[in-house]
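Sequence lines, in order, name chains A and B.
All residue numbers for the first sequence refer to this note's numbering, where the first residue is 1 and numbers rise by one.
All residue numbers for the second sequence refer to this note's numbering, where the first residue is 129 and numbers rise by one.
Careful: at least some of the hints might be erroneous.
To be verified - Now the in silico label distances, taken between C-beta atoms and shown as ranges: (1) A:D55 with B:V157: 52 to 58 Å; (2) A:Q76 with B:G206: 53 to 59 Å; (3) A:T117 with B:G206: 33 to 39 Å; (4) B:A225 with A:R60: 53 to 59 Å; (5) B:R260 with A:T54: 30 to 36 Å; (6) A:S99 with B:R296: 30 to 36 Å; (7) B:P211 with A:W34: 31 to 37 Å; (8) B:R296 with A:F31: 17 to 23 Å; (9) B:Y271 with A:P86: 39 to 45 Å.
Stated by the list, open to error - Not close to chain B: a few residues of chain A, all C-beta gaps over 10 Å, as computed: (10) P13; (11) G14; (12) A29; (13) T54; (14) G66; (15) T70; (16) A108.
Derived from the structure by calculation, the hints contain no laboratory data.
Ideal Cβ positions, reconstructed from N, Cα and C, are used throughout, including at glycine.
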Amino acid sequence: MRPSATWRGLLRPGDYIVLAASIALCIAAGFGLWRGGTPDGLIIRAGGEIFAETDLSRARRIAVPGPLGTTLIEIQPGRARVAADPGPRQYCVRQGWLSRAGAVAICAPNQVSLILTGRGSDFDSLGY
Amino acid sequence: MTHSVIELTPTDTDRRIARHAAAAIALTVAEAAIPLPLPGLKPGLANIITLVVLARWGWREAAWVSLLRVFAASLLLGQFLAPGFFLSLGGALASLAVLAGAMRLPSRWFGPVSHSLFAAFAHIGAQLLIARLWLTPHDGVFYLAPILGGAAVVFGLVNGFAAAALLREKAHAG
Numbered sequence: 001m002r003p004s005a006t007w008r009g010l011l012r013p014g015d016y017i018v019l020a021a022s023i024a025l026c027i028a029a030g031f032g033l034w035r036g037g038t039p040d041g042l043i044i045r046a047g048g049e050i051f052a053e054t055d056l057s058r059a060r061r062i063a064v065p066g067p068l069g070t071t072l073i074e075i076q077p078g079r080a081r082v083a084a085d086p087g088p089r090q091y092c093v094r095q096g097w098l099s100r101a102g103a104v105a106i107c108a109p110n111q112v113s114l115i116l117t118g119r120g121s122d123f124d125s126l127g128y
Numbered sequence: 129m130t131h132s133v134i135e136l137t138p139t140d141t142d143r144r145i146a147r148h149a150a151a152a153i154a155l156t157v158a159e160a161a162i163p164l165p166l167p168g169l170k171p172g173l174a175n176i177i178t179l180v181v182l183a184r185w186g187w188r189e190a191a192w193v194s195l196l197r198v199f200a201a202s203l204l205l206g207q208f209l210a211p212g213f214f215l216s217l218g219g220a221l222a223s224l225a226v227l228a229g230a231m232r233l234p235s236r237w238f239g240p241v242s243h244s245l246f247a248a249f250a251h252i253g254a255q256l257l258i259a260r261l262w263l264t265p266h267d268g269v270f271y272l273a274p275i276l277g278g279a280a281v282v283f284g285l286v287n288g289f290a291a292a293a294l295l296r297e298k299a300h301a302g
């Protein structure tokens, strides 16, 4: 008898079904539990007050006034960034695109912050 | 003063349970020496014995073997009443409960491999639940579920094959 035939002889028809269902369950669990982290909205704060609270469904730009000037926030589907800021060190601009729930960009000199929100957030907040 | 002698006469069943439990304990102790990447991720080779006993001698004996194994192996490994012991006990009880149902499935269709997979999933299910409720009261433990589930499929399949092969050998021999 060939080895493969021997191995297959140990399986009964229902075993294949149980095996397939087990693998499907694992894959489903993987998709269900590890999907977290995709953002579904963003909150912009200026001077500690909520300036805007929107979703990430369509591309647009939002100008936020602050004590130093205007911070420009750019939104694209699923991500957002600080496109321009009058602050001296440009930390929040150089962070680039934020694409995970909980990610934060803070333009401290101009008192503007941007945070992505989402249900399955991996982190309470993310700073760089 | 009278000497009272208590005599225990082990039946054939007792001897058989002891023999199988000893084999299961040996496998558990041996597998404790295998380094594995995640704590709690184990092949569970002792379950091969449980499956063979279940198929040949029934659920009661399988339960004896499985629970004796949990207690004795934890004593040997210094894990008795440590968290690992409760995870192990919970897993064993859950898989015995599931096996009680699984063994009633038509045997023409479902063999040891099915039983093994069911038991493996019951094992990790109970362990995740215990971990969530008691050891790590945070939903974060469920992030491990897909990894543990994958391990349950692999090890469940391997153990099921081993049990099926042993049972076939026995059937040919006797």
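Going through the hints against the structure:
no. : hint                           : verdict
1   : A:D55 with B:V157: 52 to 58 Å  : holds (57 Å)
2   : A:Q76 with B:G206: 53 to 59 Å  : holds (56 Å)
3   : A:T117 with B:G206: 33 to 39 Å : violated (47 Å)
4   : B:A225 with A:R60: 53 to 59 Å  : holds (56 Å)
5   : B:R260 with A:T54: 30 to 36 Å  : holds (35 Å)
6   : A:S99 with B:R296: 30 to 36 Å  : violated (54 Å)
7   : B:P211 with A:W34: 31 to 37 Å  : violated (26 Å)
8   : B:R296 with A:F31: 17 to 23 Å  : violated (37 Å)
9   : B:Y271 with A:P86: 39 to 45 Å  : holds (41 Å)
10  : P13                            : violated (5 Å)
11  : G14                            : violated (4 Å)
12  : A29                            : violated (5 Å)
13  : T54                            : holds (28 Å)
14  : G66                            : holds (37 Å)
15  : T70                            : holds (40 Å)
16  : A108                           : holds (31 Å)
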